[in-house]
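All chains, please: the whole structure from these sequences, using the hints.
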Amino acid sequence: MSTTFDKVAEIIAETCDIPRENIKPESHAINDLEIDSLDFLDIAFAIDKAFNIKLPLEQWTQEVNDGKATTEQYFVLKNLSERIDELIAAKGA
Amino acid sequence: MRLEYFQMIDRFVEVNIGERLTRAVCTVPLQSPVFEGHFPGYPLMPGVLLIECMAQTTGWLVSALTGFTGLPALAGVKEGKLRTAVFPGDQLEFEGRVVHEGSGYAIGESKGWCKGAVVCDATLTYRIVPYPSPHFRTALSEWAERIDFPVKEFIR
Chain A
3 MSTTFDKVAE IIAETCDIPR ENIKPESHAI NDLEIDSLDF LDIAFAIDKA FNIKLPLEQW
63 TQEVNDGKAT TEQYFVLKNL SERIDELIAA KGA
Chain B
1305 MRLEYFQMID RFVEVNIGER LTRAVCTVPL QSPVFEGHFP GYPLMPGVLL IECMAQTTGW
1365 LVSALTGFTG LPALAGVKEG KLRTAVFPGD QLEFEGRVVH EGSGYAIGES KGWCKGAVVC
1425 DATLTYRIVP YPSPHFRTAL SEWAERIDFP VKEFIR
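Protein sequences, first through last, are from chains A and B.
Going by the working numbering, the first sequence opens with residue 3, and the numbers climb by one from there.
Going by the working numbering, the second sequence opens with residue 1305, and the numbers climb by one from there.
Careful: at least some of the hints might be erroneous.
Taking lysine to any residue and the SDA-like style, the derived pairs with C-alpha atoms no more than 25 Å apart in a straight line are [as the list claims (entries may be wrong)]:
1. B/Lys1415 x B/Asn1320
2. A/Lys56 x B/Thr1370
3. A/Lys56 x B/Val1381
4. A/Lys93 x A/Glu12
5. B/Lys1382 x A/Pro58
Since the hints were made in silico from the structure, they are not lab data.
Here it is as structure tokens:
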């Protein structure tokens, strides 16, 4: 059974044409994989569709800009996958 | 349609929020400074302006869905196809659909017709960005009324 991370990695590989083997749980989408904000919108769209959720990108951006969160919390892929799992759980609750 | 002012839509004929659908019509002007260069002696509606027509038709719908809280800035055009030539005097119809409302972005699909035949289609990505000023939002609202977009129903 594929994990949330596996699905996210597949989406990133396909959307951004990045070799799948280069995408690790510790990878930072922006700093390591060099995904820019526009490409990240494509990824967000694919994640929203795949998991039937709505990534709260505006809220995350605001928290990072306000210094209340770090980009690592949302854009390191293992953390992003955890956030997705939380959103799925919250939806089912 | 005033190409040189990017006023692409003459009027909306349908705004259906439940279906996330808009339809708009416009007539390509017989004369425009745009045609002096595109092309001398052979006036042809530029394909990029057909993309703009689709972007505006769908962008107004994104504005309505987001309560006119920000400007839907065109950020991406995928699978953009310009299928046939469009000339001065042609009457065009456009349809815009929002297929996904994300957080701070939206994805739309749009299509244009001339004489019943599809002339263009594309998938469009919008980033919702803050209005540059309150005045801008007011001006946008006035523009909406001029093209029969029922802005007052949606503005928050």
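Status of each hint after checking the structure:
1. Under the criterion of a C-alpha separation no larger than 25 Å, the hint pairing B/Lys1415 with B/Asn1320 is consistent with the structure, at around 16 Å.
2. This hinted pair checks out: A/Lys56 and B/Thr1370 have alpha carbons roughly 15 Å apart, not beyond 25 Å.
3. Restraint check for A/Lys56 and B/Val1381: the C-alpha separation of about 22 Å stays at or below 25 Å, so the hint holds.
4. Between A/Lys93 and A/Glu12, the direct Cα distance comes to roughly 23 Å. Compliance with the 25 Å bound is thereby established for this hinted pair.
5. A C-alpha spacing of about 24 Å is found between B/Lys1382 and A/Pro58, which places the hinted pair at or below 25 Å, so the restraint holds.
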